[in-house]
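I would like the entire structure built from these sequences, with the hints used as guidance.
Take a look at the letters that make up each chain.
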Amino acid sequence: MTLGHCIIRNMFKKISIVVLAVLAVFIFGQISYAKPADLSPEKESIIKQTCVSAQTVLQRIQHNDAATRVNRGQGYETIVSRLMVPLNTRTTSNGYNDSAPLLIDTTKNFQQALENFKEDYESYDNSVSAALRIKCQDKPADFYGYLEDARSERQKVSNGITNLAGLIGEYRVNVLKLNNEVQQ
Amino acid sequence: MTILAERKKALVHKVKHAAQGRKPDNWFTRLFSRLAQRFGLPFGILLAILAALLLTAISMTLYFASGTSKLDLSRPGYESARGQIRQTDGNNQNFSASGDIDNEVIKDFLSKYDKEAKDLSQYSTFNESILGDPQLGITEQQTTPSDGANP
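Which chain is which? The protein sequence lines are A and B, in order.
Just so we're aligned, residue 1 is where the first sequence starts under this note's numbering, counting upward by one.
Just so we're aligned, residue 1001 is where the second sequence starts under this note's numbering, counting upward by one.
Incorrect hints may appear among the rest.
To be verified - Cut-off 25 Å, straight-line C-alpha distance, at most; resulting in silico cross-link-like pairs (DSS-like, lysine-lysine):
#, chain 1, residue 1, chain 2, residue 2
1, B, Lys1118, B, Lys1107
2, A, Lys108, A, Lys48
3, A, Lys118, B, Lys1115
4, A, Lys156, A, Lys118
5, B, Lys1112, A, Lys108
6, A, Lys135, A, Lys43
7, A, Lys108, B, Lys1107
8, B, Lys1009, A, Lys177
9, A, Lys156, A, Lys108
10, B, Lys1115, A, Lys108
11, A, Lys177, A, Lys108
12, B, Lys1118, A, Lys108
13, A, Lys43, A, Lys139
14, A, Lys177, B, Lys1115
15, A, Lys48, A, Lys135
16, A, Lys118, B, Lys1118
17, A, Lys177, B, Lys1014
18, A, Lys156, B, Lys1118
19, A, Lys177, B, Lys1016
20, A, Lys118, A, Lys108
Simulated from the structure, these hints should not be mistaken for laboratory data.
It should be emphasised that the depicted structure is a prediction, and the values quoted were computed from it without experimental measurement.
Put into structure tokens, the structure is as follows:
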């Protein structure tokens, strides 16, 4: 066996280990666990009766949410990459040193908030998918646990959107400050 | 006889390797070359299929694990969602990163910025109440569950 073969085999082993580790992290990271809800016998009975139709509604909501996520994602990306970043570059290159740091800081916060929004949406969607996958008539407490999880995750997504809207407003205020600096 | 011949061949191979200062082949290499010699092209085809399956499995795992699948509206069942996607003419929203800055430039920027911000306001804000028990029809009364999703 030549030295080349040895190197290739060692490399193959290392790459295989890395690929398997990455796959394991991705696969096990995706599995959503929720605490089964504490339900009264009446509530459990209601859930058993109605959960199949609830899952249908939930699926429709999930589909609509996917479209909203794509539209919002595109809108936020357009704002940050086609508007904020070019204006920041232009402000810096023209030497408006009072406004440039403000604009750049808000952009960084916006980018961070956008990342959080994407992650929160993914967690939310995982919870909804888990609630849809489960045989809810057999496991009503688990189904309701996932549903409660989805509600709390959805609230996080909603808070993220409020945060992003606030940063869009903050950036606009900073642009008006830049306008004042330009006029001076 | 065949076993003896095979062992002799393996021994000769080992001696040759040792004489050339190489390490002896391990079981994997021996098995691989034996299979390749015995089955030829079918073995190669099987190997290619296995490699394709492995690569497909890796790419599918990445597709689902990276979250790309959640944004993929070409999946079955998402026909209605596809119709809700906003078609944008991105070139109109471009703002140049070079040039001077004056009142007109800022005015132009703000008009594009406000338009984009206004467009965003028409989408759902992921209100939590949409997942409430009454909205999902999880109530004692057998009422028709409302969709509650974005208009």
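Handout entry: Hints that the structure is at odds with (numbers, increasing)
Key = Hints 2, 8, 17, 19 not satisfied by this model.
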